[in-house]
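Enquirer: Protein chains in written order, with my numbering: chain A, 5 to 131; chain S, 393 to 895.
Think of the hints as simulated: they come from the structure by calculation, not from any bench.
Keep in mind that the hints are not guaranteed to be accurate.
As the list claims (entries may be wrong) - Taking lysine to aspartate or glutamate and the EDC-like style, the derived pairs with C-alpha atoms no more than 20 Å apart in a straight line are:
{"hint": "1", "chain 1": "S", "residue 1": "K833", "chain 2": "A", "residue 2": "E125"}
{"hint": "2", "chain 1": "S", "residue 1": "K682", "chain 2": "A", "residue 2": "D72"}
{"hint": "3", "chain 1": "A", "residue 1": "K128", "chain 2": "A", "residue 2": "E43"}
{"hint": "4", "chain 1": "A", "residue 1": "K47", "chain 2": "S", "residue 2": "D834"}
{"hint": "5", "chain 1": "S", "residue 1": "K682", "chain 2": "A", "residue 2": "E125"}
{"hint": "6", "chain 1": "A", "residue 1": "K9", "chain 2": "A", "residue 2": "D31"}
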Amino acid sequence: MSDRKNVLLVDDDPDFVDAVKTLVEKDGYHVNVAYDGQEGLEKVAESKPDIVILDVMMPVMDGHGMCDQLKDNPDTANIPVILLTAVADHVSTSSYTHRDMLESQAEDYIPKPVEPAELLERIKHWL
Amino acid sequence: MPDCARVLIIDDEQVIRDGCERSLSGNGYSVSKAENGENGIQFLKADIFDVVLLDLMMPGIDGFEVLSWIREHHPSMPVVVITGFATVDKAVLAMKQGAFDFVGKPFTPDYIRIVVKRALEKRALQKETEKLKSEKALDLMTIIEEQSRLKTVFGCMMEAVLITNREGIVVHHNPAAVKVLQIETDPFIGKSLKQSISDQKLVKMVCEALEQAKHVTREFEPGTISRMYLRAHSSPVQTSEGTILGAVTVFEDITTHKMIDQQKSEFVAMVAHELRAPLASVEQMIYAMKAGCSTFEGTACEHLHTRMTARTKELLQLIANLLSLSRLESENIVFNLEAINGNTLLENIVEVLTPQAQNKNIALTLSPAEVDWTFNADFDHIRSAFINVMGNAVKYTPEGGQVEVKSKVSSGLVTIEISDTGIGIEKDSLPHIFDRFFRVKDKTTRLITGSGLGLSVVKKVVEAHNGFVDVVSEHGAGTTFSLSFPLASNSISSNQTQNMSSK
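With the hints as constraints, model all of the structure from the sequences given.
Expert: Pasting the structure below:
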């Protein structure tokens, strides 16, 4: 388990999570999941991932919210974050509305749905 | 000279009377004779005459009295006084009192004819003048009325109107202008537009209309020009030769339009998002299938396949709901109302949902009302509304729970209660459940997907049928939806088609 890299995947759609988990595990990673930003932060503390893949549109705490918290915390600031989303997400449930990619502290940004090859390539790149 | 001009001769001497008659009758005049003042006045009261020949010296009521009577009652009738020899001063007095002319006795037939003719000409001229005067008065009245009408319209219009001259000075405006526009100067009239309204875009717009002699339209956001969203139209005011005298600018309040546009855009964005998210997941699952099926066991593929089918079905349901909602909100919807037996309807729907309930080991029961009840409804719409509510009850109730459907009839109303022992609705979420696309999203509802439109449609349908919906819920304990409808009166037969407007 020690030489397998740890990926944390956070998205509110269970079907999406299952599909991406399948793809990423196939490439040899260990995947943990969470379904909203709050849960995601708890899982980060628990599992200490090497990389976090994060959907923007989620209830309770959205992707931008979770990303900001990770980057503001020196313990987690170095974990690369990849944001995933459909393009028009200005109707967010949390207080972070209409954030530009440019304002975000995330390392990367991929639109949904993600092509498997591209996702895996980006993960490899940022690790 | 009018044919049949009517002449009245008032003279006590028969010779004079007959003489006048002879002289005048032949010339197309009709002559009436009165032998004294009283008689003369009687004639005048009874008939219309064009000229009166009046002897001044008569017994009884004398000529002057008659004259003064005529001046009072027929001021425009010419009176020719007849005087005796050496009474010119009387004649002059009579003239001063309003007589038109005088003849001295004796007079020749020719002479009397000339005098009468002159009097009648004068009368005709007078009539002409009066006619023109009254026509002019009428025109003036019309103009004043017209002006008054325009003034009223101008004053009552909601749209602000400004009139500026060639130099950009405000020369006139209506009351609405003061209400709608932010005017910095007092007075407004007489000052240049630049001074009174600080929005430069407006000044530029009026200049453009003036200089280029064309209509200009611009929109203004709330700001230095007004609190409202405005659309302004400036038009040059030109003479028929093309000289530009100034410009008239009208301002429309488009605040409501803008609000509606904004709501529409937001709705479209929401719809796009709600359609895209599930499709993105389906596509993601297709990728996973391609990658995973060859490597993993059959069950992984089967699971993906099941989920993809479910999500796609849900998407189709979402689209159907969107269409329903759009149709319900349009003014032209036609409902096919028929008398529907309530107990039978509920039985059918419970039957449809039984497999779904059984899959989750949920006890789905129906307690029909003690009486048979009928209500007027559009079968398809009402059926979908019930399926929605009952479907939700089953969806949001965990394994082994219960869903109960009860109906009660009282005072012309039927109430159908759908109660479940499901996850319930939080107090904070309760006011929003009928909002479009609203779905409770937390740990307990994570695996439950839906369009968020079902209850919006239910509410619209129920209300369109003159019914109402009520919800009672406790988070963690369960929810009860109550749908109430007026019952059909016994005299209504089946298969009516009606136009109903949805609210």
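Enquirer: Run every hint past the structure and note whether it holds.
Expert: These are the hints, each one checked on the structure:
1. S:K833 to A:E125: violated, 32 Å
2. S:K682 to A:D72: Violated, at roughly 35 Å.
3. A:K128 to A:E43: violated, 25 Å
4. A:K47 to S:D834: Answer holds: A:K47 to S:D834 is near 17 Å, not above 20 Å.
5. S:K682 to A:E125: OK: S:K682 and A:E125 at ~18 Å, within 20 Å.
6. A:K9 to A:D31: Distance ~10 Å between A:K9 and A:D31 Cα, so the pair holds.
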